[in-house]
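Participant: Order-wise, the sequence lines are chains A and B. With the first letter of the first sequence counted as 1, position 14 gets the number 14 in this note's numbering; the numbers rise by one all the way through. Heads up, this note's numbering is the position in the second sequence plus 1000, with the first residue counted as 1.
Simulated from the structure, these hints should not be mistaken for laboratory data. Just so you know, not all the hints are guaranteed correct.
Said to hold, decoys possible - Output of the computed footprint for chain A on chain B, the stretches with three or more beta carbons under 8 Å from beta carbons of chain A: (1) 1018-1031; (2) 1055-1068; (3) 1142-1154.
Here the structure is a predicted model, which is why all the values come from computation and not from measurement. Note that the Cβ used here is the ideal one computed from N, Cα and C, for glycine as well.
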Amino acid sequence: MDHPVHKPRERKQHTLLILSAVFVGILFFLIYTSFYNPGFKKSITGNIIKGSSSGGTIEIEATLLSPDELEIDGDVGKIELRIFGGNFFVGRERFELGKASIIIDDFEGEISFNGDNVSRLDGQASKVFVEGIPITSESDMKVYFNEGFKYNFLKLNDFYLDSLSYQTSGIVKLNGGKVMVDLDDEEFRIKKFQGDLSLKKDKVKLNGVVSESNLGFIDIKAVPRKEKVEEVEEAEDDA
Amino acid sequence: MGNKKEAEVEEPDKLNVRNTRKVYIPLYFMAVGLLIVMIYIKASGRPLNDLALKIALIFSVSVLVYSEIHRFGNSYEINVNSVVHKKGYLSTVSKRAEFGAISDSDIKQTLWQRLFSYGDVEIHLYSKENKTVVKNISNPFGFVDFLEKKMSKHGGRQR
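Just chain A, same shape as in the assembly:
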């Protein structure tokens, strides 16, 4: 039992110091992500998915039955919404809205919806208009609803969706109508969609470009331009 009495006490103080530092770090992270930068995690994913829609693309225009659930996490150029009511938070202000139309510009964050209900809308935006009136002068502010709300129209303009896959019915036109597919409760799968999406009642409209699409039995994949040129050159050489 010749242990020096001070050593364990010093070790204990070190442990306490490390724990205190971790505690302060977590506390700072909590406060920072809630009060100063609510889109912290989202901004990272947003940056990652920017520019991922490169290479060859296929134009797509589709009117389909809407999916049961859809989650979008990233940048949306503009959101147009017509809602039946809800508590809408913009910056530090709260708006108790009845039936209203909302426009959110340069949104970056999360939106998820199921059926006629938006379960989450949480992110940052540069401008917000309610019934056409700009409601804040700040440039980058937090916008969110504290709970889900019902809508009768929702349009997301200029956004990126990594993939979407579900069983549905409706018409899909590819490359300006060169290919048209009538889906009847069949698989609809697209990858790297960039464009607009609108939801009204149980219908979803997509308008944009994709890198790949699987429609029922038809699979179409975009070929990057460089490969396309090489293929044409090879064909010319063969001829």
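Given chain A, work out where chain B should sit, using these hints.
Facilitator: Just chain B now, kept in the frame of chain A:
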């Protein structure tokens, strides 16, 4: 009448003590502090970052688990003829100091320990130049009183 009753109250043969939970008050403050901040954020309608929430919860639970596990690392027992200090978790080291070998004891309390009425007891031995330190126990004066009573009853020095 009262004295008779006191005399009738039998003292236990053994006294087992562990580190008091008061030692971990700073850790409990941290866990509670994080919880209060999270509740405040939720109540004020601000968004609570998922990652921050998970980290804060993991930290709070880890702190509580750590403190409980740490408590079980040391236990002290005064029985009829010795003071036993058990140390360790899976493999343990048990050190016994017979009453006859005990010369004296000290109680040490820092300001923090005095505030929360706990402290360390140093039990010095005759034969060796060392001591058994009973660390961070609640009511160290009660512990020493019990030790003295046992020593006077079952042999050993008397203070």
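Participant: Can you give the numbers of the hints that this structure goes against, from lowest to highest?
Facilitator: 3
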